[in-house]
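Here are the chains, one letter per residue:
Number of protein chains: 2
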Amino acid sequence: MTEEEPIALELAKKQREISVASFFEKNRHLLGFDNPRKALLTTIKEAVDNSLDACEEANILPEISVEVIEMSENKFKVIVEDNGPGIVKKQIPHIFARLLYGSKFFKLSQSRGQQGIGISASVMYAQLTTGRSAKITSRIDPKHPAHYYELRIDTHKNKPGIQKEEIVKWEKEHGTKIELDLEGSYQKGDQSIDRYLKQTAIVNPHITLIYQPPKGEQVIFAKATDIMPKKAIEIKPHPYGVEIGRLISMLALTESRTLQSFLMSEFSRIGSGTAKQICENVSLLPNTKPRNINRDMAEKLIEGIQKTKIIAPPTDCISPIGEELLEKGLRKEINAEFYCATTRPPAVYRGNPFVVEAAIAYGGEQSAEDSMKLLRYANRVPLLYQQGACAVTRSAINTMWRNYGLSQSRGALPVGPATLVVHIASVWVPFTSESKEAIAHYPEIVKEIKLALQECGRKLGLYVNKKKRIQFEGKKRDYIQTFIPHIGSALKNLINISDSEEKKIEGLLAEALEKTRGELEKVGVIDNPDYDGEMASIGKEEKKEEGAEKSEGNEKQTTLED
Amino acid sequence: MTEEEPIALELAKKQREISVASFFEKNRHLLGFDNPRKALLTTIKEAVDNSLDACEEANILPEISVEVIEMSENKFKVIVEDNGPGIVKKQIPHIFARLLYGSKFFKLSQSRGQQGIGISASVMYAQLTTGRSAKITSRIDPKHPAHYYELRIDTHKNKPGIQKEEIVKWEKEHGTKIELDLEGSYQKGDQSIDRYLKQTAIVNPHITLIYQPPKGEQVIFAKATDIMPKKAIEIKPHPYGVEIGRLISMLALTESRTLQSFLMSEFSRIGSGTAKQICENVSLLPNTKPRNINRDMAEKLIEGIQKTKIIAPPTDCISPIGEELLEKGLRKEINAEFYCATTRPPAVYRGNPFVVEAAIAYGGEQSAEDSMKLLRYANRVPLLYQQGACAVTRSAINTMWRNYGLSQSRGALPVGPATLVVHIASVWVPFTSESKEAIAHYPEIVKEIKLALQECGRKLGLYVNKKKRIQFEGKKRDYIQTFIPHIGSALKNLINISDSEEKKIEGLLAEALEKTRGELEKVGVIDNPDYDGEMASIGKEEKKEEGAEKSEGNEKQTTLED
Numbered sequence: 182m183t184e185e186e187p188i189a190l191e192l193a194k195k196q197r198e199i200s201v202a203s204f205f206e207k208n209r210h211l212l213g214f215d216n217p218r219k220a221l222l223t224t225i226k227e228a229v230d231n232s233l234d235a236c237e238e239a240n241i242l243p244e245i246s247v248e249v250i251e252m253s254e255n256k257f258k259v260i261v262e263d264n265g266p267g268i269v270k271k272q273i274p275h276i277f278a279r280l281l282y283g284s285k286f287f288k289l290s291q292s293r294g295q296q297g298i299g300i301s302a303s304v305m306y307a308q309l310t311t312g313r314s315a316k317i318t319s320r321i322d323p324k325h326p327a328h329y330y331e332l333r334i335d336t337h338k339n340k341p342g343i344q345k346e347e348i349v350k351w352e353k354e355h356g357t358k359i360e361l362d363l364e365g366s367y368q369k370g371d372q373s374i375d376r377y378l379k380q381t382a383i384v385n386p387h388i389t390l391i392y393q394p395p396k397g398e399q400v401i402f403a404k405a406t407d408i409m410p411k412k413a414i415e416i417k418p419h420p421y422g423v424e425i426g427r428l429i430s431m432l433a434l435t436e437s438r439t440l441q442s443f444l445m446s447e448f449s450r451i452g453s454g455t456a457k458q459i460c461e462n463v464s465l466l467p468n469t470k471p472r473n474i475n476r477d478m479a480e481k482l483i484e485g486i487q488k489t490k491i492i493a494p495p496t497d498c499i500s501p502i503g504e505e506l507l508e509k510g511l512r513k514e515i516n517a518e519f520y521c522a523t524t525r526p527p528a529v530y531r532g533n534p535f536v537v538e539a540a541i542a543y544g545g546e547q548s549a550e551d552s553m554k555l556l557r558y559a560n561r562v563p564l565l566y567q568q569g570a571c572a573v574t575r576s577a578i579n580t581m582w583r584n585y586g587l588s589q590s591r592g593a594l595p596v597g598p599a600t601l602v603v604h605i606a607s608v609w610v611p612f613t614s615e616s617k618e619a620i621a622h623y624p625e626i627v628k629e630i631k632l633a634l635q636e637c638g639r640k641l642g643l644y645v646n647k648k649k650r651i652q653f654e655g656k657k658r659d660y661i662q663t664f665i666p667h668i669g670s671a672l673k674n675l676i677n678i679s680d681s682e683e684k685k686i687e688g689l690l691a692e693a694l695e696k697t698r699g700e701l702e703k704v705g706v707i708d709n710p711d712y713d714g715e716m717a718s719i720g721k722e723e724k725k726e727e728g729a730e731k732s733e734g735n736e737k738q739t740t741l742e743d
Numbered sequence: 182m183t184e185e186e187p188i189a190l191e192l193a194k195k196q197r198e199i200s201v202a203s204f205f206e207k208n209r210h211l212l213g214f215d216n217p218r219k220a221l222l223t224t225i226k227e228a229v230d231n232s233l234d235a236c237e238e239a240n241i242l243p244e245i246s247v248e249v250i251e252m253s254e255n256k257f258k259v260i261v262e263d264n265g266p267g268i269v270k271k272q273i274p275h276i277f278a279r280l281l282y283g284s285k286f287f288k289l290s291q292s293r294g295q296q297g298i299g300i301s302a303s304v305m306y307a308q309l310t311t312g313r314s315a316k317i318t319s320r321i322d323p324k325h326p327a328h329y330y331e332l333r334i335d336t337h338k339n340k341p342g343i344q345k346e347e348i349v350k351w352e353k354e355h356g357t358k359i360e361l362d363l364e365g366s367y368q369k370g371d372q373s374i375d376r377y378l379k380q381t382a383i384v385n386p387h388i389t390l391i392y393q394p395p396k397g398e399q400v401i402f403a404k405a406t407d408i409m410p411k412k413a414i415e416i417k418p419h420p421y422g423v424e425i426g427r428l429i430s431m432l433a434l435t436e437s438r439t440l441q442s443f444l445m446s447e448f449s450r451i452g453s454g455t456a457k458q459i460c461e462n463v464s465l466l467p468n469t470k471p472r473n474i475n476r477d478m479a480e481k482l483i484e485g486i487q488k489t490k491i492i493a494p495p496t497d498c499i500s501p502i503g504e505e506l507l508e509k510g511l512r513k514e515i516n517a518e519f520y521c522a523t524t525r526p527p528a529v530y531r532g533n534p535f536v537v538e539a540a541i542a543y544g545g546e547q548s549a550e551d552s553m554k555l556l557r558y559a560n561r562v563p564l565l566y567q568q569g570a571c572a573v574t575r576s577a578i579n580t581m582w583r584n585y586g587l588s589q590s591r592g593a594l595p596v597g598p599a600t601l602v603v604h605i606a607s608v609w610v611p612f613t614s615e616s617k618e619a620i621a622h623y624p625e626i627v628k629e630i631k632l633a634l635q636e637c638g639r640k641l642g643l644y645v646n647k648k649k650r651i652q653f654e655g656k657k658r659d660y661i662q663t664f665i666p667h668i669g670s671a672l673k674n675l676i677n678i679s680d681s682e683e684k685k686i687e688g689l690l691a692e693a694l695e696k697t698r699g700e701l702e703k704v705g706v707i708d709n710p711d712y713d714g715e716m717a718s719i720g721k722e723e724k725k726e727e728g729a730e731k732s733e734g735n736e737k738q739t740t741l742e743d
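Residue numbers (the working numbering), protein chains in the order written: chain A, 182 to 743; chain B, 182 to 743.
It is worth saying that the hints were derived from the structure and are not from the lab. Any given hint could turn out to be false.
Pairs of lysine-lysine, DSSO-like flavour, derived with a Cα cap of 27 Å [claimed, not checked]:
id, chain 1, residue 1, chain 2, residue 2
1, A, K338, B, K271
2, A, K194, B, K338
3, A, K338, B, K358
4, B, K316, B, K256
5, A, K324, B, K194
6, A, K288, B, K194
7, B, K411, A, K195
8, A, K270, A, K350
9, A, K270, A, K207
10, A, K648, A, K684
11, A, K417, A, K207
12, A, K324, B, K195
13, B, K324, A, K338
14, B, K271, A, K271
15, A, K411, B, K324
16, A, K207, B, K207
17, B, K324, A, K195
18, B, K195, A, K340
19, B, K412, B, K358
20, A, K270, B, K340
21, A, K195, B, K338
22, A, K340, B, K288
23, A, K412, A, K288
24, B, K412, A, K207
25, A, K288, B, K509
26, B, K379, B, K509
27, A, K369, A, K194
28, B, K412, A, K316
29, A, K194, B, K324
30, B, K256, A, K490
31, B, K219, A, K628
Chain A extracted, bound-state conformation (with noise of 0.2 Å):
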């Protein structure tokens, strides 16, 4: 370069695209592999969600088994294999090493997997830290045989390499089986493979899981029941939540003739009559060829939707779990005194509709001093990582445990023998970031997770506020048991009555004060046990829930809190 030349040319030289691979390489830990533990969670976890959604869309029962071999010091084979549809032979090396290549981006309907670069991440990882080639092996049917690929990512160019290609005998009918070596480390406890595995039993009770941990004995998750759950069908976007950019890209692709006719085809719930006063109410006309319409005229036509009544998208696309499966689950898992679970009406965020539901197990051999237990879940996928950040977490901070029979501090999870757990499904699950950890703050989301918890909340208040009642009550019975001998064998002493007197009068004693006690309870006093406040600082339990037992006048202020 001569000194005479604009330094931009010596600046252009340097400018080139990067593959999405070499950028995932690079920013590892935005997909969940910032370090061996968690890298060995996300690689069973990417290869069983693609497993549950396969044999879902196939209508087939999952039968899925996991094994973790330990090969030497943070070295580990992973082996996934399911009883699924199987891969047609062509795709599958698009399928497990080729980054933001998948079937359901595109598909507003829920399902796991969304992105199209979990698995195949996964595969870049173990290439990355042992050298190691993927090996899968798939087969469609009986009638066709099973293929065996090992595959590497040209990571440069995002394209997959195949480095073994052949014909196997495989005994199974159709399924998939993957195996990878990579760098991990293996622990057991929060966030570990056992309890994804395990949370993800409770919401999935339709699964068959067998897994053969490093050390230790084969675990089996059985099923809870043989039917599937509902299939989410694919729904067209709602006209509400599209934004001027996207409507201008749909006009140029559509393939309808007319605006009426691309109205009625691209969106959902647009029928003739709404498609027509849709035009009508900003002056367009109905007969508009889709390419003549410029970035004004579909300007108006956003107008034109917003200023129409259009009915809510269809709920079909979204399979929830069900108040009954959900508590069913959970009590599968977790031994509690009380259950209850709650599944809300879809509401829509950005277009996408989705559904929050939740459940609550109180009490049994839960720890009463520890914080609650949170189980978050989006799409049927348990997530392990980023509690704080998720939406999920701040919502359950912001609801007034207190109201419900639990002590919390503020900014605090509360404490109590309890655990709760929160479903979001919806066609597209906004989550933090590409690991798909958290689940992001978009108002409507925490809006509707806040009203999950409360109708929940209330429901465990009721109990929480009627056992302790029954112990108070047995308290007071206690007391009146314990001091009337006293009294009747004093009174003896002091007016010198017989022994049958004094039974007689111990037991007028107890008649009258039961009654009194009965009067109070009429007229509502200690259906509060807060109403006596020496009696409530008895008991230890009352103790460590301070000031929880304000539970008058709970509905009018978690209606105020919104």
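On the provided structure of chain A, position chain B as indicated by the hints.
Quick look at chain B alone, frame taken from chain A:
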């Protein structure tokens, strides 16, 4: 599809490639476009960061103007213009209307941008929310004309669409201007454009920023120095950070003909001696052809690298602000009594060199009742969102600020009239999301931040404790001066002395008390204001900083922390 066909064939039809633009259009919150307010800030941030990078690469003192015009409710026009080197004609469309295209991704040297996503994402967001194209003008020197473009992104293909392209007259000799119409929301306060620009000025004392907000007067942030920051030099990767997968692909792509020359040319800090030693350590021949090295040999090579002592990576790839300029910048923008700054020696995470710097401004007009203000920076760019998710915040919370004279509750930032600045400079800053708002918790980074905070904290502690001692001294003196005259006049009444005798006695008393005080000081008793419990509780200030004064043994405690 007949009944007989395997379902896999049907499922296969839905598989397709997803363009990275489609991916981020749907996941726009990952890029900082969660809501209209943040979207407006993100757009300006991306444009300004690019301008600053370009100016610095071309060794031009940056002069950047930012204009925000409110066009209608929630619709804004943003114009950012710089005096940078300009962009060559044929690259303008790619740089502004194609995601994952840029010059900084593969380069190992410090820069603000790194992903090749930001500005094109802003163009995409503008197009999506207003349907309008981006307008770009750029010129590389007086001998070349200025080029004007109107650009759109074809999101399905992630390719630029050129709406208009022409040569225009432009008074600027070189520079770039971008104009975008987008949905936004303008508010002052935290996380505002004003705040971002002000914070940018603090750590970039060499830049001039002219800002025209939608309402109100123009704001000019003048430069504080004519000296450009030291230019960051591009380096090769350090061998200690290389993973086997990366090594295998480097071996496949290299033009070197022997293993020895490969090691010398592709890595930093490897001369011929070190290269030979690496090979010797694991019995590989230095003249092996790189293409003949298989996976197992590559694994041995990694082993050989680990066994060999190689000096730390060069650090001229990083351009820290420096203690002096950091303090100067802070002085310019924050009115305080005490300032200190520290720059740590370089460290390495995952093979990437980085430097942590910290500075504190204490006292003055800052509120003593609030939490310490935290200003986070990465590669000279202020981070305004997701403070809670950032490694800087975690490190600041985990530092024992009580040792340095500030009060602090467990798990919270300290309370006091202080602003803390933390800057991380690296060839690759690991952010928790593409929106580059928070730094990921790599243990090496967390550790360095803590060390920087402790260094600054110790300097602060000396000042705060000295100030407290002086206040305490002053109070003692006040007491002596208040009470001695009373003693004098009492004596006068009791023993009937003259006025002059009274004065003399008062003088003697004062002297005696001062002397005692002096001796107490010598033996170190009243050095600690906490010594006299009663006295310490007199001033309001002490009360507020409950227990913060226990400063003896600071150094030991802070060393034990790590």
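When the hints from earlier in the document are held up against this structure, which numbers fail?
-> Going through the list in order, the structure violates hints 3, 9, 10, 11, 13, 14, 15, 20, 25, 27 and 28 and respects the others.
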